[in-house]
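Q: Sequence:
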Amino acid sequence: ASREECHKKGLWHKAVVVFIISPDNKKILLQQRSADKKLWPNLWDITAGGHVLTNELGYQSVIRETEEEIGIKLNKEDLEFIGSTSSINTKGDIINKHYNEYFIAHKNIDIKDIKLQLEEVQDIKWFTKEEVLKKIKNNYEGLTEKFGCWNYLVKYFEIIEK
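Quick note: the sequence shown, position 95, residue 317 per the numbering used here, numbers continuous.
Read the hints as simulated data drawn from the structure, not as lab findings. Beta carbons: idealized from backbone N, C-alpha and C, even for Gly. Hints are all accurate, no fakes.
Subject to a maximum C-alpha distance of 20 Å in a straight line, what follows is the list of computed DMTMM-like cross-link-like pairs (lysine to aspartate or glutamate):
no.: 1; residue 1: K230; residue 2: D258
no.: 2; residue 1: K260; residue 2: E290
no.: 3; residue 1: K351; residue 2: E380
no.: 4; residue 1: K249; residue 2: E380
no.: 5; residue 1: K334; residue 2: E290
no.: 6; residue 1: K384; residue 2: E302
no.: 7; residue 1: K313; residue 2: E227
no.: 8; residue 1: K347; residue 2: E290
Label-pair restraints from in silico Cβ distances:
no.: 9; residue 1: K337; residue 2: S244; range: 19 to 25 Å
no.: 10; residue 1: N330; residue 2: W234; range: 34 to 40 Å
no.: 11; residue 1: T307; residue 2: D258; range: 26 to 32 Å
no.: 12; residue 1: L279; residue 2: L233; range: 17 to 23 Å
no.: 13; residue 1: K259; residue 2: G293; range: 17 to 23 Å
no.: 14; residue 1: T350; residue 2: G232; range: 36 to 42 Å
no.: 15; residue 1: T350; residue 2: I317; range: 31 to 37 Å
no.: 16; residue 1: S224; residue 2: T350; range: 37 to 43 Å
Construct all of the structure, not just a fragment, from the sequences and the given hints.
A: Set out below in structure tokens:
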């Protein structure tokens, strides 16, 4: 089914998320959603992500979505799978039922090399890990309501810091 049909009928479908983190684990690259987005306009979001297409594997979707949304090419070796969940978000006539896959990519990226897909993304910025964790702790201040995504990011940092 198309994304529109999935959202209209509340059909379960697969989605992927990637956080690009600096190799020293001190910065996280986040995108600011376009003002025209139906869900969470103008809020800060994961680095990239979206729906998995028919006959596509999760990591393939991450690679495609990252290049589409921010013009950055990742490859399979860049990606670390960190888990999966299911989630339901409803807003207006959009019923978003996802099976989510979460990935991390460690990469140094110069903001000037980024090419934004303006209908999706209006800005991109490196945040310090502390800034993002503070936003999450402060009731997801300025962030999308993708609680599973943010909670997996927190768990990731807890695990690597042990």
